[in-house]
Amino acid sequence: MELVLSLPFGLATSDADRSAPSLETDGALVLACQRGDREAFDRLVERYQRGIYRLCYRYVNHHEDANDLAQEAFLKAWRAIGRFRGDSSFATWLYRIAVNACLNHRASRRAPTQELPEGLPDPASGAEARIVRDDEAERVREAVSRLPDKQRATLILKVYHELRHDEVAQILGSTVGTVKSNLFHALANLRRRLDERGEAES
Amino acid sequence: MSAHPKDDTLMDLADGGGSPDARRHVEQCASCEARVAEARAMAELSQRVEVPEPPAFYWATFRNNVRRRIAEERPRAAWRGWLLPLTALSVAAALALVSHLPQSWVSAPQVAGVPSAAPGPPLLAWSPLPPADEDDGLAVLEGLAASGGVDWDEGRGLGSFLAGLSDEDSVALAHALRQNGGEGVL
Numbered sequence: 001m002e003l004v005l006s007l008p009f010g011l012a013t014s015d016a017d018r019s020a021p022s023l024e025t026d027g028a029l030v031l032a033c034q035r036g037d038r039e040a041f042d043r044l045v046e047r048y049q050r051g052i053y054r055l056c057y058r059y060v061n062h063h064e065d066a067n068d069l070a071q072e073a074f075l076k077a078w079r080a081i082g083r084f085r086g087d088s089s090f091a092t093w094l095y096r097i098a099v100n101a102c103l104n105h106r107a108s109r110r111a112p113t114q115e116l117p118e119g120l121p122d123p124a125s126g127a128e129a130r131i132v133r134d135d136e137a138e139r140v141r142e143a144v145s146r147l148p149d150k151q152r153a154t155l156i157l158k159v160y161h162e163l164r165h166d167e168v169a170q171i172l173g174s175t176v177g178t179v180k181s182n183l184f185h186a187l188a189n190l191r192r193r194l195d196e197r198g199e200a201e202s
Numbered sequence: 001m002s003a004h005p006k007d008d009t010l011m012d013l014a015d016g017g018g019s020p021d022a023r024r025h026v027e028q029c030a031s032c033e034a035r036v037a038e039a040r041a042m043a044e045l046s047q048r049v050e051v052p053e054p055p056a057f058y059w060a061t062f063r064n065n066v067r068r069r070i071a072e073e074r075p076r077a078a079w080r081g082w083l084l085p086l087t088a089l090s091v092a093a094a095l096a097l098v099s100h101l102p103q104s105w106v107s108a109p110q111v112a113g114v115p116s117a118a119p120g121p122p123l124l125a126w127s128p129l130p131p132a133d134e135d136d137g138l139a140v141l142e143g144l145a146a147s148g149g150v151d152w153d154e155g156r157g158l159g160s161f162l163a164g165l166s167d168e169d170s171v172a173l174a175h176a177l178r179q180n181g182g183e184g185v186l
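Residue numbers (the numbering used here), protein chains in the order written: chain A, 1 to 202; chain B, 1 to 186.
Hints in this document: simulated from the structure, not taken from any laboratory.
We put the CB at the ideal spot given by N, CA and C, even for glycine.
There's no promise every hint is true.
Stated by the list, open to error - Each pair of labels, with its calculated beta carbon distance range: (1) B/E27 <-> A/A28: 46 to 56 Å; (2) A/A28 <-> B/D21: 43 to 53 Å; (3) A/K76 <-> B/Q28: 17 to 27 Å; (4) A/R164 <-> B/R23: 19 to 29 Å; (5) B/E168 <-> A/L103: 54 to 64 Å.
Chain B on its own, in the form it takes in the complex (with noise of 0.2 Å):
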């Protein structure tokens, strides 16, 4: 006799199917018929079980019911369409400005009688951004700064600058650039 037919063989054989050989194994094989047998059974006993029919009304709701998600949807997906750009690009503003902050101030402080604790290996550091001095972009700041009236102790690097705002400062600088070409940056 052959070898056992595999599970899928089996099948093709409840569903009446299979190869020639197949069909012979099985009729020699009392396993394999009891096997095949079993699944014919279990099809038909599933087939003849129904799901309870909800009432005709039901499908109504139903309907409504997926019509009224889909227009609860539609302003949340307007919603999402400017979320992301303006969450980027908070993202990229903050990472602008704290990579233009100076040394100290994204250091720990130095707590007054408290040994600072022995200087690990330096950490490795990434940004998106180039350095201050290779940035295109805080030049054009920089330009719309000065452009705008804006007096920044320029040894110290704008970034501080702007760091060092009060709000009511930020208002006006904000203001300032505006008025100078910047309101497609600010």
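Next up, chain A with everything else stripped away, as it sits in the complex (with noise of 0.2 Å):
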């Protein structure tokens, strides 16, 4: 059996995985999903869950709506993966129905917030010093998931997720010089918002 040690777009996604790399290829948990393996669905899940909650928590800056989003997507794929025919990596059609999910989510009724299940550490007390301050994060977080939705989907699934150009594309249903423009719309688009912020708030 195949060893992967490395996962398509750096997923490895759980704590379990960062301690013991899975033996099983997506392929092979795809097969068995198909068979109607409900366990082996949910090694996958167990596979991607940080990854598709970080992606969603990323579009709606809300920790409810990216927790129901993930499960949304995972519940979306499990009703569709006898039709999965692996013309792209799982991951890639995976992590289009979690933006399909975002871009259909219609605005939050919910403001956005930091709120998060008790326990939670504060990134901004952690020793990584490349983490920008508590309430500057916010603010970008709060921004970006104030973006238009496909330049939002593109700027999450590059900056933050680093896909290469093409894989951002095949997600969105795209093309490679689309998702560039996307991207330098929605970087610019991010300055503006932030400088618009920073004038208010002074």
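Dock chain one against chain two, each of which comes alone in its own frame, and use the hints as you go.
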């Protein structure tokens, strides 16, 4: 059996994944799922839950909404897995489902918040110097979550998940040129929104 | 100086790529240079913003919820499997019955003393079923009814006979047809 040491898109997503690399490929698990093996799907959920949750969180900037969207993405994947033919990697396919769930998500009724389960470590208190201050991080997350849909999805997939342009294009059903243009506009819009908010606060 | 590069090319430059021509342009064009620098700075800032990490127990809960919702889905999938053909059969049966009702039954009732509206142009009608005299299915049903000892006025047609049956008579007819090989039909 093939040993998988790295997952597509750098998506080793769970603590279990980091401590003990899975011996099963996505393809093997997908085949098992197509035979109705729910345990196999559970393994895929474990493998990708963090990546999908983080994608959704960045999209909506709200824990509860991100949780709902991520669960919905996995449910849709389960319902559709019988039709998955391997034309793309499972990760690309799953990302596409999650992005579509996010794109279909209408403006949340809830105000953006950092409300999270109890026991959450303060991201600003960590030793990682590269993480920006909490209030600045929230400003950026909030500005990202208000970008136009396609720009937001492009920025999240390209910048945060470090996908290649062609991978983003495949997920969004777009062209590489459009992805690059959308990303460029997203970054320009992000700057403008941060400036506007800075001016409003001052 | 060459024309300003398109936005996708500027994005390539912000990523550290781009053609030599495009790089040369940006070196000479303050406007494009500023746009590329801005995109690069925003990408770097964005990359440093982490998503707040839920506690470890959250992932087990998440997985359990997905597992539970999938388990709840299974009966629904099976239920849908037989609902669709049943619905199709019901619709087909209703269409068959309506198409064989006498014209007077499907026309609007005439109220005494109230003149009927002037007849308009005939409405185009379409039915998935053939006319009664070309309907082989109806002939089969009539054969079954006859072999089941059912009497009806053949002049009025089986459709109008069926429509006029009471609930009790309908049940008795269905029973008789099942006895005579119509079980797969009714």
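For each hint, the structure was consulted:
1. For the hinted restraint 46 to 56 Å between B/E27 and A/A28, the CB-CB distance of approximately 51 Å keeps it satisfied.
2. The supplied range of 43 to 53 Å is met by A/A28 and B/D21, whose beta-carbon atoms lie about 47 Å from each other.
3. Between A/K76 and B/Q28, the C-beta spacing of about 50 Å breaks the proposed range 17 to 27 Å.
4. For the pair A/R164 and B/R23, the supplied restraint of 19 to 29 Å holds, since their beta-carbon distance comes to about 21 Å.
5. Separated by about 57 Å at the C-beta atoms, B/E168 and A/L103 satisfy the suggested range of 54 to 64 Å.
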